[in-house]
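Take a look at the letters that make up each chain.
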Amino acid sequence: MPRPLSPADGAPARPAPLGYAPAPESRASVRLRPAYGLFVDGSFTEPGDATFTSVNPADEQPLAEVTTATEADLDRAVAAARRAFDGVWSRTSPAERGKYLYRISRIIQDRARELAVLESLDNGKPIRESRDVDIPLAAAHFFYYAGWADKLPFAVPGVPAPRPVGVAAQVIPWNFPLLMLAWKIAPALAAGNTVVLKPAETTPLTALAFAEICQEAQLPPGVVNIVTGAGGTGRALVSHPGVDKVAFTGSTDVGREIARAVAGTGTRLTLELGGKGANIVYADAALDQAVEGIVTGIFFNQGHVCCAGSRLLVQESVAEEVVGRLKERVTRLRLGDPLDKNTDIGAINSAAQLARIQDLARAGREEGGEQWSPDCPLPGSGYWFAPTVFTGVTQAHRVAREEIFGPVLSVLTFRTPEEAVAKANNTPYGLSAGIWTQKGSRSLWTARRLRAGVIWSNTFNTFDPASPFGGYRESGYGREGGRHGLEAYLDV
Amino acid sequence: MPDTVATWTAPGNAVLRASLDALPGVDEAGVHARVAALATRSVKTSAKARAIDLAVRMVDLTTLEGADTPGKVRALAAKALRPDASAPDVPPVAAVCVYPDLVPVAVRALRGSTVGVASVATSFPAGRAPLEARLADTRAAVASGATEIDMVIDRGAFLTGDYRKVYDEIVAVREVCARSDGEPAHLKVILETGELAGHDDVRRASWLAMHAGADFIKTSTGKVSPAATPDVTLVMLQAVRDFRAATGRQVGVKPAGGIRTTKDALRNLVLVEETVGADWLDPRFFRLGASSLLNDLLMQRAKLTTGTYSGPDHYSAD
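Protein chains in written order, with the numbering used here: chain B, 1 to 492; chain D, 1 to 318.
Some hints could be false.
Once the Cα atoms are required to be at most 20 Å apart in a straight line, the calculated PhoX-like pairs of lysine-lysine come out as [as the list claims (entries may be wrong)]:
id: 1; chain 1: D; residue 1: Lys263; chain 2: D; residue 2: Lys44
id: 2; chain 1: D; residue 1: Lys165; chain 2: B; residue 2: Lys341
id: 3; chain 1: D; residue 1: Lys263; chain 2: B; residue 2: Lys341
id: 4; chain 1: B; residue 1: Lys341; chain 2: D; residue 2: Lys44
id: 5; chain 1: D; residue 1: Lys165; chain 2: D; residue 2: Lys223
Keep in mind the hints are simulated off the structure, nothing from the lab.
Turn these sequences into a full structure, and let the hints guide you.
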């Protein structure tokens, strides 16, 4: 009679992990120039006298030299946008504008692999995310707003013939470079505006690749202008007298500064700023999926997400179980080479951001929080921070109040739904929140009381071009995405 | 988590039902999202070679047809012992899986080897026979030398909420798996998840079967569609993980039905790796119920070794 299998049967005595061999995505699809000028009036200028270096945050190696735009450069870019608005784009039929946007979406899809690799090189995010989230969503935004271009009479209730605003100055952050560009440019162009966009100084490369895409799509010169530089360039752009509309995504401090600069000028303004999102887990949640949602909420894109679920609020009766499961799950996250297809956690975008995360983590320890990370070796070069969970956190701790913008989760507990809502709302921000419960009535009860622009139920960090996104209070104002996202670019 | 013996042996259905209904729910969209994310894992080169050999060792090579004959079973047994005639380093599979009346044939063909003989029993696949008949079916298979019994639960009883009946029948089958001359036959309990009402039911049925003494929980008979979806396998892996945490006993998982390609098998192994970890990456705790999968594993293995595909006719069709 055959015997049941036993360990002696030639199998390893102890089962071994499967392990994944290195699976790096090739860099061959990316053709970088050694130095980039600005993209103004449909063509690239020669690289300027003042340049800065964009580095790969995973190994600190330089990727390309990029020009710092001067005030004269900005004047030329704004003037090109004005000429294009007056002379071409505002006279282009809505259906034709839509065609250009469709063409751009398709080119993004055609060049998806190249753009994903480039985004991961410049930003440090895992290729799994740039390939499966950033680039497909960027294309989706252009597709979505392409469809709106000839349906603008239905965009704003009661406004049957809305007109474009004019020239938009747009300043975007480094966390989702191409996606944030798409959020800004797609609705602006669909509504008939022209734009001058400045990408973040640590991640300018996909915006410059997008400039090539505009050329490939034969977009009329001046409709899209890309200017590069650091904070000073951004400040000069948003306060330029030639712009009709300013759209900014970034930190709350800079947002305040822009609001002051723009106040009283008649320039329209939308701000999408920071957040300290609460992720509320009730005892009756589907716990395994809630744990996945907690992980997605804070470790997606290394936590460089304005709407991150950085405060976990878990009902006390399941707190121990949830934190236990969470730690087990976090132990399985794979940190390392952003271009490896199996990497879950990539590099921190810059040395400055890493220093800020380290500083806040230190404050968390000093204030009595208990810091935990899995046993997670960090690469020798580049900017890295292990996924981190703080327990024993109270509302008074800095790690529960300040936006860390890194892979650091603060765990707080609550006893009743009322207490969950009170704690969730006890923040100057109001961008995002998550609710985990299997009970629909509890989910609706909670959502009605939360002060947040985006509330997810039994999911987190889920995005769709048709869904408006934006914040309350210190998280900014205005909405991007969906029909609502058009209103900021229409004169209504 | 309900884990006291009293809960499970309390007379009547009410306590049992309350305990199972108290398990945390399963969010189907969340499960699907997790499975989709894990499907992007890239298992290549040396990792793929190791994974393919592990998958071969986990196969329960199966023939469950009305037309099965001793000749067919002997051919299957030969294939199980030596899957690839041209590559003697390919390990044997875990077991062959046959109907009860063909167990003696399989036992003779596999005598002295490490390959187990699994028999479906309890009036597979519907299970719609009187309990006595189902137990007799099982006794016959065990007496003929089956080392593993793949039983089906009474889905009708489960769907009417009579968890007590399902539990007691698993216990009864487990009792007749005992053998006077050696180890009891290992009991795999088939939940037939394609006939249950969603993932919450899969989790309840998993806990019920584990508490009743299952050595393995198995997704499907292979006769009902959908069979072993990755979503259901993930839910069952979470159940065995939580059951071990609660009771200390480690139960195996066997997805069966619809796993045809090496890619399917690797996705299953990735689910194991990232849900329950290495402790389950072993044929004693994870099996793949399949018939056509083995040849695809062999072809992919040869591709890794030689760099070329040799085509299906280079592998025996059994």
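Quick rundown of the hints versus the structure:
1. D:Lys263 x D:Lys44: Holds. Lysine 263 of chain D to lysine 44 of chain D sits at ~11 Å (cutoff 20 Å).
2. D:Lys165 x B:Lys341: The hint is violated at about 48 Å.
3. D:Lys263 x B:Lys341: Measuring from Cα to Cα gives roughly 16 Å; hence the hint holds.
4. B:Lys341 x D:Lys44: holds, 11 Å
5. D:Lys165 x D:Lys223: violated, 23 Å
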